[in-house]
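Participant: Next come the chains, spelled out residue by residue.
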Amino acid sequence: MGEQGELAAEQHVRYIVTAEKKKDSFESLVMEHLRASGAYWGLTTLDLLHKLHAVDSAEVVDWIMSCYHPESGGFGGNVGHDPHVLYTLSAVQVLCLFDRLDVLDVDKVADYVTGLQNEDGSFSGDIWGEVDTRFSYISICTLSLLHRLHKINVDKAVEYIVSCKNLDGGFGAMPGGESHAGQIFCCVGALAITGSLHHIDRDLLGWWLCERQCRDGGLNGRPEKLADVCYSWWVLSSLIMIDRVHWIDKEKLAKFILNCQDKENGGISDRPDNAVDIYHTYFGVAGLSLMEYPGVKPMDPAYALPLDVVNRIFLSKQQ
Amino acid sequence: MSSPDEEEGVDEWVPPSRRPELADVAPLPQGDGPCPVVAIAYRDDFREVMDYFRALYAAGERSPRALRITADAIDFNPGNYTVWHFRRVILEALDADLIQEMNFVDQIAECNAKNYQVWHHKRWLAEKLGPDVANSEHEFTRKILYDDAKNYHAWSHRQWVLQALGGWESELQYCNQLLEEDVFNNSAWNQRYLVVTRSPILGGLVTMRDSEVDYTVEAIIANPQNESPWRYLRGLYKGDNTLLVADDRISDVCLKVLNNDWRCIFALGLLLELLRMGLQPSDELRGTIEAINNSDPEIEHTDLATAVCSILQKCDPLRINYWSWYRTTLSS
Numbered sequence: 005m006g007e008q009g010e011l012a013a014e015q016h017v018r019y020i021v022t023a024e025k026k027k028d029s030f031e032s033l034v035m036e037h038l039r040a041s042g043a044y045w046g047l048t049t050l051d052l053l054h055k056l057h058a059v060d061s062a063e064v065v066d067w068i069m070s071c072y073h074p075e076s077g078g079f080g081g082n083v084g085h086d087p088h089v090l091y092t093l094s095a096v097q098v099l100c101l102f103d104r105l106d107v108l109d110v111d112k113v114a115d116y117v118t119g120l121q122n123e124d125g126s127f128s129g130d131i132w133g134e135v136d137t138r139f140s141y142i143s144i145c146t147l148s149l150l151h152r153l154h155k156i157n158v159d160k161a162v163e164y165i166v167s168c169k170n171l172d173g174g175f176g177a178m179p180g181g182e183s184h185a186g187q188i189f190c191c192v193g194a195l196a197i198t199g200s201l202h203h204i205d206r207d208l209l210g211w212w213l214c215e216r217q218c219r220d221g222g223l224n225g226r227p228e229k230l231a232d233v234c235y236s237w238w239v240l241s242s243l244i245m246i247d248r249v250h251w252i253d254k255e256k257l258a259k260f261i262l263n264c265q266d267k268e269n270g271g272i273s274d275r276p277d278n279a280v281d282i283y284h285t286y287f288g289v290a291g292l293s294l295m296e297y298p299g300v301k302p303m304d305p306a307y308a309l310p311l312d313v314v315n316r317i318f319l320s321k322q323q
Numbered sequence: 013m014s015s016p017d018e019e020e021g022v023d024e025w026v027p028p029s030r031r032p033e034l035a036d037v038a039p040l041p042q043g044d045g046p047c048p049v050v051a052i053a054y055r056d057d058f059r060e061v062m063d064y065f066r067a068l069y070a071a072g073e074r075s076p077r078a079l080r081i082t083a084d085a086i087d088f089n090p091g092n093y094t095v096w097h098f099r100r101v102i103l104e105a106l107d108a109d110l111i112q113e114m115n116f117v118d119q120i121a122e123c124n125a126k127n128y129q130v131w132h133h134k135r136w137l138a139e140k141l142g143p144d145v146a147n148s149e150h151e152f153t154r155k156i157l158y159d160d161a162k163n164y165h166a167w168s169h170r171q172w173v174l175q176a177l178g179g180w181e182s183e184l185q186y187c188n189q190l191l192e193e194d195v196f197n198n199s200a201w202n203q204r205y206l207v208v209t210r211s212p213i214l215g216g217l218v219t220m221r222d223s224e225v226d227y228t229v230e231a232i233i234a235n236p237q238n239e240s241p242w243r244y245l246r247g248l249y250k251g252d253n254t255l256l257v258a259d260d261r262i263s264d265v266c267l268k269v270l271n272n273d274w275r276c277i278f279a280l281g282l283l284l285e286l287l288r289m290g291l292q293p294s295d296e297l298r299g300t301i302e303a304i305n306n307s308d309p310e311i312e313h314t315d316l317a318t319a320v321c322s323i324l325q326k327c328d329p330l331r332i333n334y335w336s337w338y339r340t341t342l343s344s
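Just so you know, the protein sequences line up as chains D and E, in that order. The working numbering runs 4 ahead of the 1-based position in the first sequence. The working numbering runs 12 ahead of the 1-based position in the second sequence.
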């Protein structure tokens with residue numbers, strides 16, 4: 005760990021495929037309710053490394069559908085969990101990876117998401133009403149992948165997102181919320197998907213985003229915070245969507261990500277020499293994908309899926 | 013391990029299988045399927061609690077013993093949103109004491125301050141309890157921010173409480189305090205902007221601008237290598253470039269900082285923006301820039317804005333492409 009050089013692709017694949025089986029693993033306890041997202045992170049990483057065939061697609065699809073709630077049209081984070089838009093997107097994304105959207109009652113799922121839009125254009129995460137621009141992105145992304153974006157009030161959705169824009173050109177979780185790279189990705193992604201990027205001051209935001217690069221080459225999420233591999237995705241994809249990615253030093257960022265690998269056991273951590281996890285493994289590989297690292301498939305910055313998967317959804321015959 | 017609300021005086025945790033109240037319940041195991049996609053292993057005691065939770069959840073039971081099980085499950089995994097949902101359903105059915113519930117969730121939040129579920133549960137409670145809890149909610153977020161002054165969840169909650177339930181009176185003072193403790197705290201600068209622009213007590217941005225400029229300039233002079241106040245200063249004049257250029261204090265602070273440290277990227281950047289907007293530099297400012305110019309033979313001798321740009325290209329190599337682009341936007 006900590007040596008510069010190559011992507012230890014084989015080790016990362018092994019890490020994901022075998023996963024942890026230790027009885028007292030803390031990570032296992034806290035991941036149970038969000039396994040659908042864990043599956044998305046793990047499987048997308050496998051696909052980016054050309055190893056999606058290492059898992060049985062029928063098994064995955066069956067398990068994903070066991071998280072589905074036919075009454076509501078939403079997906080839970082695991083079997084027996086309540087529906088939530090977070091896991092609905094993860095489920096749809098996983099089905100996209102395997103080209104199995106055919107198993108869905110598309111309109112039912114779309115209606116679940118549509119029903120979460122509030123009067124002011126914002127989106128709740130579920131029936132309990134938590135509002136966050138994350139859910140705006142998640143809802144818009146889900147509906148777009150299902151070709152059902154027209155079911156929501158797009159203008160209102162955009163209006164709400166724009167109301168979360170700050171003086172520095174960035175976006176927060178709600179109006180007045182501090183600009184944060186994760187929230188910025190969500191807002192920029194949502195605006196990109198809805199064809200509304202003209203609301204963004206690209207030069208101003210681009211500058212804020214490129215200021216996230218620290219001396220060690222990594223990216224942070226807010227001023228004066230530490231670099232973290234996950235921002236390699238959120239900052240980078242945002243920069244790509246507004247055509248300003250050349251404003252960061254890509255080589256230094258790639259070196260930072262590679263330094264966060266556990267080259268023996270596989271996996272990537274948030275920063276060098278820390279413990280690895282599936283989440284940061286995905287974001288590290290995704291960041292490298294956005295920088296066209298050799299051996300890694302290209303990704304769509306807005307949909308957070310491999311480019312060939314997105315092309316298949318949008319360039320093939322209309323559903 | 014805590015079972016805070018149902019049984020007082022119980023110090024040791026009793027596993028559900030040994031609680032007399034649950035003797036009639038058949039625990040329900042997790043339906044993982046034979047070959048889980050992302051396999052997860054479980055601790056036995058956690059497994060037991062969740063088996064009992066699932067049984068009561070499946071039965072839709074809204075009772076004190078079910079409430080207690082949700083507390084146990086939350087203790088093991090406060091991120092389990094389904095447990096929180098069920099807990100809220102039970103609380104409503106039992107018409108429970110919500111102040112007591114707020115105390116319960118606050119205990120969880122103190123050890124899990126970056127957990128979305130606890131903060132949402134707090135908001136759900138606060139919405140029901142109303143303006144009476146504004147002060148206690150502000151006290152709570154103050155406590156959390158004392159440990160981590162940049163906790164995004166705490167700030168979101170604080171902002172929501174201010175706007176929904178009130179309590180603006182001492183907020184600017186609170187920002188002052190936080191910035192005294194750590195002037196690099198971007199969250200505090202962001203909060204400052206919220207207060208200055210949205211507080212119903214202060215006069216709004218235009219009224220506050222003058223004193224805010226003074227405050228920010230002082231913060232910059234004390235610590236010039238601090239991204240936040242430079243952005244804040246710029247933000248005070250957002251949409252009003254003419255006023256920004258006309259306010260001598262802005263160009264003055266750039267000059268002052270550069271005289272001490274000609275490499276300060278933030279000062280150079282703001283100066284560049286002022287020049288692009290039409291600032292007519294004082295002789296002193298012109299002199300400072302030219303001195304920097306002359307110290308490096310590689311920097312071309314050209315108009316002031318382009319000169320500053322060249323300096324930035326050298327001082328901030330990580331963002332050389334940004335400064336190169338900026339250069340192209342300067343009119344000849």
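No wet-lab data here; the hints were simulated from the structure. Among these hints, one or two may not hold up.
[As the list claims (entries may be wrong)] DSSO-like, lysine-lysine: derived pairs with alpha carbons at most 30 Å apart:
#  : chain 1 : residue 1 : chain 2 : residue 2
1  : D       : Lys229    : E       : Lys268
2  : E       : Lys162    : D       : Lys256
3  : E       : Lys326    : E       : Lys250
4  : E       : Lys162    : E       : Lys140
5  : D       : Lys256    : D       : Lys55
6  : D       : Lys301    : D       : Lys254
7  : D       : Lys267    : D       : Lys256
8  : E       : Lys140    : D       : Lys229
9  : E       : Lys162    : D       : Lys229
10 : D       : Lys267    : D       : Lys254
11 : D       : Lys259    : D       : Lys55
12 : D       : Lys229    : D       : Lys254
13 : E       : Lys140    : D       : Lys160
14 : D       : Lys229    : E       : Lys126
15 : E       : Lys155    : D       : Lys259
16 : D       : Lys155    : D       : Lys229
17 : D       : Lys259    : D       : Lys301
18 : E       : Lys155    : D       : Lys229
19 : E       : Lys268    : E       : Lys250
20 : E       : Lys268    : E       : Lys326
21 : E       : Lys140    : E       : Lys126
22 : D       : Lys229    : D       : Lys267
23 : E       : Lys126    : E       : Lys162
24 : E       : Lys162    : D       : Lys254
25 : D       : Lys229    : D       : Lys160
26 : D       : Lys160    : E       : Lys250
27 : D       : Lys256    : E       : Lys140
28 : D       : Lys254    : E       : Lys326
29 : D       : Lys55     : D       : Lys229
30 : D       : Lys254    : D       : Lys55
31 : E       : Lys250    : E       : Lys162
32 : D       : Lys259    : E       : Lys126
33 : E       : Lys162    : D       : Lys259
34 : E       : Lys155    : E       : Lys140
35 : D       : Lys256    : D       : Lys301
36 : E       : Lys162    : D       : Lys112
37 : D       : Lys112    : D       : Lys259
These numbers were taken from a predicted model, which means no experiment stands behind them.
Participant: For every hint, state whether the structure bears it out.
Facilitator: Comparing the hints with the structure gives:
1. Distance hint between Lys229/D and Lys268/E is fulfilled; the C-alpha atoms sit about 27 Å from each other, no more than 30 Å.
2. A distance of roughly 27 Å separates the Cα atoms of Lys162/E and Lys256/D; the hinted pair therefore holds under the 30 Å criterion.
3. At roughly 28 Å between alpha-carbon atoms, Lys326/E and Lys250/E fall within 30 Å of each other, so this suggested pair holds.
4. At most 30 Å may separate the alpha-carbon atoms for a hinted pair to count; Lys162/E and Lys140/E meet this at roughly 27 Å.
5. Of the pairs offered as hints, the one joining Lys256/D and Lys55/D holds, with about 27 Å between alpha carbons and a cut-off of 30 Å not exceeded.
6. A threshold of 30 Å between alpha carbons decides the hint, and for Lys301/D with Lys254/D the separation of about 17 Å falls inside it, so the pair holds.
7. Proposed proximity of Lys267/D and Lys256/D is supported: the alpha carbons are some 19 Å apart, at most 30 Å.
8. Of the pairs offered as hints, the one joining Lys140/E and Lys229/D is violated, with about 35 Å between alpha carbons and a cut-off of 30 Å exceeded.
9. Taking the CA atoms of Lys162/E and Lys229/D, the gap is about 9 Å. The hint holds against a cut of 30 Å.
10. The hinted pair formed by Lys267/D and Lys254/D meets the criterion: a straight-line CA distance of about 21 Å does not exceed 30 Å.
11. This hinted pair checks out: Lys259/D and Lys55/D have alpha carbons roughly 23 Å apart, not beyond 30 Å.
12. Restraint check for Lys229/D and Lys254/D: satisfied, since their Cα atoms lie roughly 20 Å apart, inside the 30 Å limit.
13. Of the supplied pair hints, the one linking Lys140/E and Lys160/D holds, its CA atoms being roughly 27 Å apart against a limit of 30 Å.
14. Of the supplied pair hints, the one linking Lys229/D and Lys126/E holds, its CA atoms being roughly 16 Å apart against a limit of 30 Å.
15. The straight-line distance between the Cα atoms of Lys155/E and Lys259/D is roughly 38 Å, outside the 30 Å bound, and the hint therefore fails.
16. Proximity of Lys155/D to Lys229/D is assessed by CA-CA distance (about 39 Å); at most 30 Å being required, the pair is judged violated.
17. The suggested pairing of Lys259/D with Lys301/D holds, with an alpha-carbon distance near 18 Å, which does not exceed 30 Å.
18. Of the pairs offered as hints, the one joining Lys155/E and Lys229/D holds, with about 21 Å between alpha carbons and a cut-off of 30 Å not exceeded.
19. Distance hint between Lys268/E and Lys250/E is fulfilled; the C-alpha atoms sit about 23 Å from each other, no more than 30 Å.
20. As the CA atoms of Lys268/E and Lys326/E are separated by approximately 21 Å, the hinted pair is consistent with the 30 Å bound.
21. For the given pair, Lys140/E sits about 23 Å from Lys126/E by alpha-carbon distance, which is consistent with the 30 Å threshold.
22. Between Lys229/D and Lys267/D, the direct Cα distance comes to roughly 26 Å. Compliance with the 30 Å bound is thereby established for this hinted pair.
23. Distance restraint check for Lys126/E and Lys162/E: the Cα-Cα separation of roughly 11 Å lies within the 30 Å cut-off, and the hinted pair is therefore satisfied.
24. Note on Lys162/E and Lys254/D: the hinted pairing holds, with a Cα-Cα distance of about 28 Å set against a maximum of 30 Å.
25. Note on Lys229/D and Lys160/D: the hinted pairing is violated, with a Cα-Cα distance of about 33 Å set against a maximum of 30 Å.
26. At most 30 Å may separate the alpha-carbon atoms for a hinted pair to count; Lys160/D and Lys250/E meet this at roughly 25 Å.
27. With a C-alpha separation of about 50 Å, the suggested pairing of Lys256/D with Lys140/E is violated against the 30 Å cut-off.
28. Proximity of Lys254/D to Lys326/E is assessed by CA-CA distance (about 18 Å); at most 30 Å being required, the pair is judged to hold.
29. A C-alpha spacing of about 35 Å is found between Lys55/D and Lys229/D, which places the hinted pair above 30 Å, so the restraint is violated.
30. For a cut-off of 30 Å, the pair hint linking Lys254/D to Lys55/D stands: about 25 Å separates their Cα positions.
31. For the proposed pair Lys250/E and Lys162/E, the alpha carbon gap of about 24 Å is at most 30 Å, so the pair holds.
32. A C-alpha spacing of about 29 Å is found between Lys259/D and Lys126/E, which places the hinted pair at or below 30 Å, so the restraint holds.
33. Simply put, Lys162/E and Lys259/D have alpha-carbon atoms about 28 Å apart, close enough for the 30 Å limit, and the pair holds.
34. The suggested pairing of Lys155/E with Lys140/E holds, with an alpha-carbon distance near 22 Å, which does not exceed 30 Å.
35. Among the hinted pairs, Lys256/D with Lys301/D is consistent with the structure: their alpha-carbon atoms are about 20 Å apart, no more than 30 Å.
36. Restraint check for Lys162/E and Lys112/D: the C-alpha separation of about 40 Å exceeds 30 Å, so the hint is violated.
37. At most 30 Å may separate the alpha-carbon atoms for a hinted pair to count; Lys112/D and Lys259/D exceed this at roughly 45 Å.
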